[in-house]
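Protein chains: 2
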Amino acid sequence: MKEHKSISIADQIFEQLEHDILIGKYQRGEILTELKLCQSLGVSRTPIREALRRLEQEHIIEETSRGAVVIGISREDLFDMYEIRMHVEGLAAARTAEKISDEGLAKMKEVLDLQRYYVDKTDADNSDNSDNIKNLDSEFHRLLYIFSGSKAYYDTLLPIHKKMIKYRKAAVKSHSRARQSLSEHEGIYRALEAHDPELAKNLTIEHASRARDSILEKEI
Amino acid sequence: MKEHKSISIADQIFEQLEHDILIGKYQRGEILTELKLCQSLGVSRTPIREALRRLEQEHIIEETSRGAVVIGISREDLFDMYEIRMHVEGLAAARTAEKISDEGLAKMKEVLDLQRYYVDKTDADNSDNSDNIKNLDSEFHRLLYIFSGSKAYYDTLLPIHKKMIKYRKAAVKSHSRARQSLSEHEGIYRALEAHDPELAKNLTIEHASRARDSILEKEI
DNA sequence: AATGGTATAATTGTATACAAAAATACATAA
DNA sequence: TTATGTATTTTTGTATACAATTATACCATT
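Same order as they appear, the protein sequences are chains A and B. So the first sequence is numbered by the working numbering: it starts at 1 and just counts up by one. So the second sequence is numbered by the working numbering: it starts at 1 and just counts up by one.
Derived from the structure by calculation, the hints contain no laboratory data. All values reported here derive from a predicted model rather than from experimental measurement. Treat the hints with caution; some may be incorrect.
Some but not every residue of chain A turned toward chain B, in silico, with C-beta under 7 angstroms [said to hold, decoys possible]:
{"no.": "1", "residue": "59"}
{"no.": "2", "residue": "87"}
{"no.": "3", "residue": "151"}
{"no.": "4", "residue": "156"}
In this text, a Cβ means the ideal position worked out from N, Cα and C, and glycines have one as well.
Produce the complete structure using the sequences and hints provided.
The following block contains the structure:
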């Protein structure tokens with residue numbers, strides 16, 4: 001049975017605003033005032049403010065005397081984040097290959113199987129499963145970071161990965177990239193399963209590099 | 001004349017709590033309740049809560065039903081953070097060497113001159129300037145990140161550097177390390193001044209590596 | 001002694017009231 | 001027309017009241 005910790009309004013608002021900013025629903029320069037958010041979201045200022053403080057801490061908004069200005073993630077940010085990922089994620093994957101437990105492997109496999117399911121489904125009936133695929137992609141990477149057993153790697157890589165969502169979403173719309181991304185994930189998984197740090201590292205770096213190329217050639 | 005944006009109570013509380021947690025005044029596992037913080041700091045819950053939400057976002061506290069549990073930074077975290085820094089900070093330094101302006105160089109020089117002043121002072125009269133030296137060290141690195149012109153590098157490196165404060169403080173207590181650290185900074189500065197990315201990168205990596213060794217051999 | 005239940009206390013979550021600061025609009029004078 | 005001063009509005013900052021949840025203490029029962 002799964003523990004069900006009730007999620008506070010403040011947390012929900014945070015998640016929603018973070019998501020909406022990172023996918024570009026609120027555009028760079030747009031001003032969010034507490035009052036407007038209260039009205040549009042139907043809650044009091046307290047949870048709104050707490051969410052805004054967290055978003056500010058993540059540097060995706062910035063407080064001014066006229067309200068919170070949306071910063072968001074630029075193409076240049078994206079480029080730099082990939083550069084960082086290409087150097088750090090490989091190290092994390094190597095750690096994970098050393099440390100991951102059978103339970104951890106099982107969880108990752110489950111995610112991969114689902115991802116495989118949706119990719120094959122798109123191949124078969126040409127349906128759009130890109131949102132599911134993107135979420136499973138996120139989950140795969142989150143687990144990769146978690147099972148490194150290192151808070152520092154997790155805290156460094158997860159925010160970067162999260163901030164790329166808009167661009168990853170666009171990349172996965174191209175089904176050929178979605179298919180290739182999955183097969184790269186499967187390769188990384190096999191390296192983790194074999195507890196081969198060097199291989200996991202190299203495949204992960206390659207994966208990041210290809211993801212970058214596929215995203216940067218898009219216009220977005 | 002310096003612009004003086006009045007700092008809110010919430011911000012002050014955040015800075016203070018963050019500092020106190022990171023230097024270990026509040027120890028791992030300790031529970032901070034809003035009411036106690038209100039009483040000891042003499043303010044209402046609102047600014048306390050906003051500070052706590054930000055600390056939670058940084059993963060240095062964790063909310064539970066009994067209050068906010070202090071997480072802090074362990075020796076293992078420190079090790080991993082150095083590993084990450086050694087791979088990322090060099091890239092940032094190379095960027096900075098490419099991009100830094102004369103004004104930027106002047107600011108960094110000013111910090112270095114002050115650091116030199118305090119180090120020489122300690123040499124001369126054996127006074128304890130370690131706190132000043134540590135702060136100037138922080139400022140040097142902050143400027144290095146800023147002048148990379150990259151939000152991604154700044155957002156990745158600054159939190160890591162900040163979280164090391166307790167350990168860096170201890171390292172700088174050893175005056176021989178303080179002196180060496182300064183001379184390494186001066187070397188990096190010259191590479192920036194010469195706009196030599198490769199050299200800046202290599203010296204920065206070396207600097208991080210030596211800082212790590214000097215910290216890891218301490219007991220703390 | 002261990003278990004379970006109930007009342008109490010402690011703690012956070014949310015809404016709201018009020019204060020302060022800043023931005024805006026507007027009228028007036030040069 | 002431009003500048004300036006003032007009133008108004010907008011917006012955030014802080015404190016507090018109240019609700020809901022969770023933890024604790026204590027007693028009763030076995």
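Results of checking the hints against the structure:
The restraint placing residue 59 (chain A) at the interface with chain B holds, with a minimum CB-CB distance near 6 angstroms, inside the 7 angstroms limit. Checking residue 87 (chain A) against chain B: minimum C-beta separation of about 5 angstroms stays under 7 angstroms; hint holds. A distance limit of 7 angstroms between C-beta atoms decides the matter here; for residue 151 (chain A) the minimum to chain B is near 5 angstroms, and the interface restraint holds. Below 7 angstroms, beta-carbon pairs count as interface contacts, and residue 156 (chain A) has one with chain B at about 6 angstroms; its hint therefore holds.
Checked against the numbered hints given earlier, the structure satisfies every one of them.
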